[in-house]
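**Student:** Given next are the chains, with one letter for each unit.
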Amino acid sequence: MTSILAVLVALLGLPVSAQDVPLEYRVKAAYLFNFTRFVEWPEDAIAAAAPLIICVAAPNPFGAALAEMVVGEQALGHALAVRTVQQAAGCHVLFVPEPVNAEPLLRDARAHPVLTVGESPDFLRLGGVISFVVEDGKVRFEINQEAAQRSRLRISSRLLRLARPPDRTAK
Amino acid sequence: MKRFRDLPIRRKLVVMTVASTTVALLLASGGFLAWDILTYRNEILRDLAVQSRIIGENSAAPLVFNDDTAAGETLAALELRPRVIMACLYNADGRLFATYHRGRGTTCPPRPAAGVEFGWSDARFAAPVTYINGTVGTLFIYRELGDVLERLLIGLGAVTTLLVLCTIVAVLIGSRLQQSIAQPLLDLAGIARRVSDTKDYGLRAVPISSDEIGVVVHAFNDMLDRIGERTEQLSRSNADLEREVDERKRMEVERTMLLARERDANRLKDEFLATLSHELRTPLNAVLGWTRVLRATQPGQEKQARALESIERNARTQARLIEDLLEVSRIVTGKLRLQVRPADLAAIVDAAVDVSQPAAAAKRIRIEADIEARPAMTSGDPDRLQQVIWNLLSNAVKFTPVGGVVRVHLRRDHGFTLTVQDTGIGIDPTFLPHMFEPFRQADGSASREHGGLGLGLAIVRQIVELHGGTVSARSEGANRGARFEVHLPSELGIDAPGLRLDTSAAALPAPRVDPHLLASVRVLVVDDEEDARELLKTTFEAFGADVTAASSTEEAMECFERSTPDVLVSDLGMPFEDGYALIRRVRARPPQHGGLVPAVALTAYASPNDRLMALSAGYQAHVAKPYEPAEVAALVRRLSRGAATP
Numbered sequence: 393m394t395s396i397l398a399v400l401v402a403l404l405g406l407p408v409s410a411q412d413v414p415l416e417y418r419v420k421a422a423y424l425f426n427f428t429r430f431v432e433w434p435e436d437a438i439a440a441a442a443p444l445i446i447c448v449a450a451p452n453p454f455g456a457a458l459a460e461m462v463v464g465e466q467a468l469g470h471a472l473a474v475r476t477v478q479q480a481a482g483c484h485v486l487f488v489p490e491p492v493n494a495e496p497l498l499r500d501a502r503a504h505p506v507l508t509v510g511e512s513p514d515f516l517r518l519g520g521v522i523s524f525v526v527e528d529g530k531v532r533f534e535i536n537q538e539a540a541q542r543s544r545l546r547i548s549s550r551l552l553r554l555a556r557p558p559d560r561t562a563k
Numbered sequence: 198m199k200r201f202r203d204l205p206i207r208r209k210l211v212v213m214t215v216a217s218t219t220v221a222l223l224l225a226s227g228g229f230l231a232w233d234i235l236t237y238r239n240e241i242l243r244d245l246a247v248q249s250r251i252i253g254e255n256s257a258a259p260l261v262f263n264d265d266t267a268a269g270e271t272l273a274a275l276e277l278r279p280r281v282i283m284a285c286l287y288n289a290d291g292r293l294f295a296t297y298h299r300g301r302g303t304t305c306p307p308r309p310a311a312g313v314e315f316g317w318s319d320a321r322f323a324a325p326v327t328y329i330n331g332t333v334g335t336l337f338i339y340r341e342l343g344d345v346l347e348r349l350l351i352g353l354g355a356v357t358t359l360l361v362l363c364t365i366v367a368v369l370i371g372s373r374l375q376q377s378i379a380q381p382l383l384d385l386a387g388i389a390r391r392v393s394d395t396k397d398y399g400l401r402a403v404p405i406s407s408d409e410i411g412v413v414v415h416a417f418n419d420m421l422d423r424i425g426e427r428t429e430q431l432s433r434s435n436a437d438l439e440r441e442v443d444e445r446k447r448m449e450v451e452r453t454m455l456l457a458r459e460r461d462a463n464r465l466k467d468e469f470l471a472t473l474s475h476e477l478r479t480p481l482n483a484v485l486g487w488t489r490v491l492r493a494t495q496p497g498q499e500k501q502a503r504a505l506e507s508i509e510r511n512a513r514t515q516a517r518l519i520e521d522l523l524e525v526s527r528i529v530t531g532k533l534r535l536q537v538r539p540a541d542l543a544a545i546v547d548a549a550v551d552v553s554q555p556a557a558a559a560k561r562i563r564i565e566a567d568i569e570a571r572p573a574m575t576s577g578d579p580d581r582l583q584q585v586i587w588n589l590l591s592n593a594v595k596f597t598p599v600g601g602v603v604r605v606h607l608r609r610d611h612g613f614t615l616t617v618q619d620t621g622i623g624i625d626p627t628f629l630p631h632m633f634e635p636f637r638q639a640d641g642s643a644s645r646e647h648g649g650l651g652l653g654l655a656i657v658r659q660i661v662e663l664h665g666g667t668v669s670a671r672s673e674g675a676n677r678g679a680r681f682e683v684h685l686p687s688e689l690g691i692d693a694p695g696l697r698l699d700t701s702a703a704a705l706p707a708p709r710v711d712p713h714l715l716a717s718v719r720v721l722v723v724d725d726e727e728d729a730r731e732l733l734k735t736t737f738e739a740f741g742a743d744v745t746a747a748s749s750t751e752e753a754m755e756c757f758e759r760s761t762p763d764v765l766v767s768d769l770g771m772p773f774e775d776g777y778a779l780i781r782r783v784r785a786r787p788p789q790h791g792g793l794v795p796a797v798a799l800t801a802y803a804s805p806n807d808r809l810m811a812l813s814a815g816y817q818a819h820v821a822k823p824y825e826p827a828e829v830a831a832l833v834r835r836l837s838r839g840a841a842t843p
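As they're listed, the protein sequences go chains S and F. Residues in the first sequence are numbered from 393 upward in steps of one, following the numbering used here. Residues in the second sequence are numbered from 198 upward in steps of one, following the numbering used here.
Simulated from the structure, these hints should not be mistaken for laboratory data. Note that CB positions come from ideal geometry on N, CA and C, so glycine has one too. Please note that the accuracy of each hint is not assured.
Unchecked claim - Derived lysine to any residue pairs resembling SDA-like cross-links, with alpha carbons at most 20 Å apart:
| hint | chain 1 | residue 1 | chain 2 | residue 2 |
| --- | --- | --- | --- | --- |
| 1 | F | Lys-560 | F | Lys-466 |
| 2 | S | Lys-530 | F | Arg-671 |
| 3 | F | Lys-595 | F | Asn-676 |
| 4 | S | Lys-530 | F | Ala-267 |
| 5 | S | Lys-530 | F | Lys-560 |
| 6 | S | Lys-530 | F | Asn-511 |
| 7 | F | Lys-734 | F | Glu-509 |
| 8 | S | Lys-530 | F | Lys-466 |
| 9 | F | Lys-560 | F | Thr-488 |
| 10 | F | Lys-466 | F | Met-454 |
| 11 | S | Lys-530 | F | Glu-509 |
| 12 | F | Lys-595 | F | Gly-665 |
| 13 | F | Lys-595 | F | Gln-536 |
| 14 | F | Lys-822 | F | Ser-669 |
| 15 | F | Lys-595 | F | Asp-728 |
| 16 | F | Lys-560 | F | Asn-511 |
| 17 | F | Lys-822 | F | Glu-727 |
| 18 | F | Lys-446 | F | Gln-430 |
What the hints assert, rightly or not - Rough simulated footprint, nothing fancy, chain F against chain S, three-plus residues with beta-carbon under 8 Å:
| hint | segment |
| --- | --- |
| 19 | 425–434 |
| 20 | 546–554 |
Said to hold, decoys possible - Covered stretches of chain F (chain S as the covering partner; in silico rule of three or more C-beta atoms under 8 Å from a C-beta of chain S):
| hint | segment |
| --- | --- |
| 21 | 259–270 |
| 22 | 543–553 |
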């Protein structure tokens, strides 16, 4: 398992400074960043000069890895910013790590165009949009189209195509 | 393989047509094919670019999210492109991420550089896969180019087929088109060949077109016209030249012949003169010899008679010779005239045989006369005919050896045919054609055996031909005798000229000396030559005439003054005043003074012309010297009795 992850990290070309973060989260950090490129937010969601804010519900499992990754990068014409938060307000992307109870966060986020990303098995059922799953040692994800539409998010068909069907994870 | 320029024009034109068509077609086809292949290649490139773009777009997300399965599925879309053998997707690090293989035996190259690599049979295409503004990987597509080759082959096949078809069409068109150029030229060449073969410059080429070939044809025809004219001129002048040469040759031959004939004639004349001299001298010798004997000695009665007989015989021979000469002279000058009367050939032959008997008897030659037709009446000159027969007989006797036989045969045969055949020496065949030419003798040498002038046969032929007859000679060869045949028509078809003239002594009967014939007839004899004058005087006195002699015209006129004679006998050729002057002076006298006295011209000028001149001058008769005294006496007698004109 470790060796496979090591290969993955090498493939993604992550910076050496993030080596203290576990491999799985470094991959997930990259995915989080990449999701911003396949998702469109409603026009009123982000102010013109404002950055696109990626929130990580505390405790942040990525350490500094995610923040380092997005430095200098842009998505949809906006600069990127990473914050560790307790609630969903002000977030454009919200990652809810496994140990955190996702329900209140999802409830908060439901009325806003927030791309919610989780890793617990029932995250999608709770109304989350994207949920990481580990399959054959590879990080994959599932997408809840209904939740996305409810949050007025348009997810690229190319991303949808890569997503694992939700019924398979329900097993 | 013939060189192009030696090909016939017909072929050349076809080859040109086909060659240009083929080359043009090849160039066009080649260009088209190249353009087509290039276009097709560009299309393939564009297609590859489009494909790689699409594949790249679709591969970006799998690359980003590290989903090689999804990437594999994306690449598998290339299945719809059968020419694509292989596609390889590499991530940003250059590691192989996903592959697509059609069939086996292909492996992805490590880290291919972006770009296009076009080979003969395949193409390699590598392009980066971009996402947002970053490169997330590389796509490599490997495509085989069998379709290009196929397309090329199909194109080549089409071009080849087209080429064959076009060549066939070009040959057909060329064959048709070449006729318009080649046919007139071939016609022209044919005419030219025929002209050179047959030399017929009347042939003409027919101009079909008015292009340059038409001009050539016209020029060719013009040239033929010129050549024809020149040839005609040449042959005309050649013919002229030939005619001239022929003319010259003919003239040359004629000249040569004339020269030969002249030489021949000169030789004959020389021979004849020698002969003549000899023949004349021989009797003269006897005459002079016997005369000298008579004068020098007192011969007895018998010897004197023999001498006189010899003298007379030789003198007659000489007279005969001179007569022959005159005859020939008349023949040569064409003045021989016949005195045509009814004549009995049988009687003439009898007379001739009688005359020839003594000579024949002398050589013990028998003359056998066989006369079938009696009388054999014809019209002609009896004296001349007798001369012919006598000539033939004396010839036969002359050339027949002692003891031979001469046969004379006369028969009726569309007229009369007289044959004289002897058993003599015969005639050399080479001499036969010249038998009847004057001055011809088989033996022309001075030492020849037989005498004579060689005139007899010439006279014979002339007389016979004047009678409208023919004479021919035949001989079986030497010593086998000769045979002369004379054919005479029974009636003469000609009216001989000079008939009106009185004849000479020949017309008179053969005389005998009658001492009383001219008794008491007064005759005046005029001759400048004393001998001749004395002979005449003696002759007439022998016949009993009273003769006065004068030696000139003047003397004769004096005699007239004294007494008029009964008859005047005068020589014609005299010095000062000749016989013609004399008779004119006599005829100028009044009749009672002898102006009408009968006159006889006695002359050596013996031609018919002389005779005519004498008669027209005023003489009643003309007697040629030598004369037969009895005949002249008879004539004088007739004239003295007033019977001068018949």
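**Student:** Hint by hint, note whether the structure agrees.
**Tutor:** Status of each hint after checking the structure:
1. Lys-560(F) <-> Lys-466(F): It is violated: about 31 Å lies between the C-alpha atoms, which goes past 20 Å.
2. Lys-530(S) <-> Arg-671(F): Distance ~167 Å between Lys-530(S) and Arg-671(F) Cα, so the pair is violated.
3. Lys-595(F) <-> Asn-676(F): Holds, at roughly 14 Å.
4. Lys-530(S) <-> Ala-267(F): 13 Å, holds
5. Lys-530(S) <-> Lys-560(F): Cα-Cα ~189 Å, so violated.
6. Lys-530(S) <-> Asn-511(F): Violated, because 194 Å separates the two Cα atoms, which is more than 20 Å.
7. Lys-734(F) <-> Glu-509(F): 18 Å, holds
8. Lys-530(S) <-> Lys-466(F): With Cα atoms ~171 Å apart, Lys-530(S) and Lys-466(F) exceed 20 Å; violated.
9. Lys-560(F) <-> Thr-488(F): Since the Cα atoms of Lys-560(F) and Thr-488(F) sit roughly 28 Å apart, the hinted pair is violated (cutoff 20 Å).
10. Lys-466(F) <-> Met-454(F): With a Cα-Cα distance of about 18 Å, the restraint between Lys-466(F) and Met-454(F) holds, given a limit of 20 Å.
11. Lys-530(S) <-> Glu-509(F): 199 Å, violated
12. Lys-595(F) <-> Gly-665(F): Outside the cut-off at roughly 28 Å; violated.
13. Lys-595(F) <-> Gln-536(F): 29 Å, violated
14. Lys-822(F) <-> Ser-669(F): 33 Å, violated
15. Lys-595(F) <-> Asp-728(F): Measuring from Cα to Cα gives roughly 35 Å; hence the hint is violated.
16. Lys-560(F) <-> Asn-511(F): This hinted pair holds, its Cα atoms lying about 19 Å apart.
17. Lys-822(F) <-> Glu-727(F): Distance ~15 Å between Lys-822(F) and Glu-727(F) Cα, so the pair holds.
18. Lys-446(F) <-> Gln-430(F): 24 Å, violated
19. 425–434: The restraint on the segment 425–434 of chain S holds, since 3 of its residues have a Cβ under 8 Å from chain F and three suffice.
20. 546–554: holds (count 5)
21. 259–270: holds (count 6)
22. 543–553: violated (count 0)
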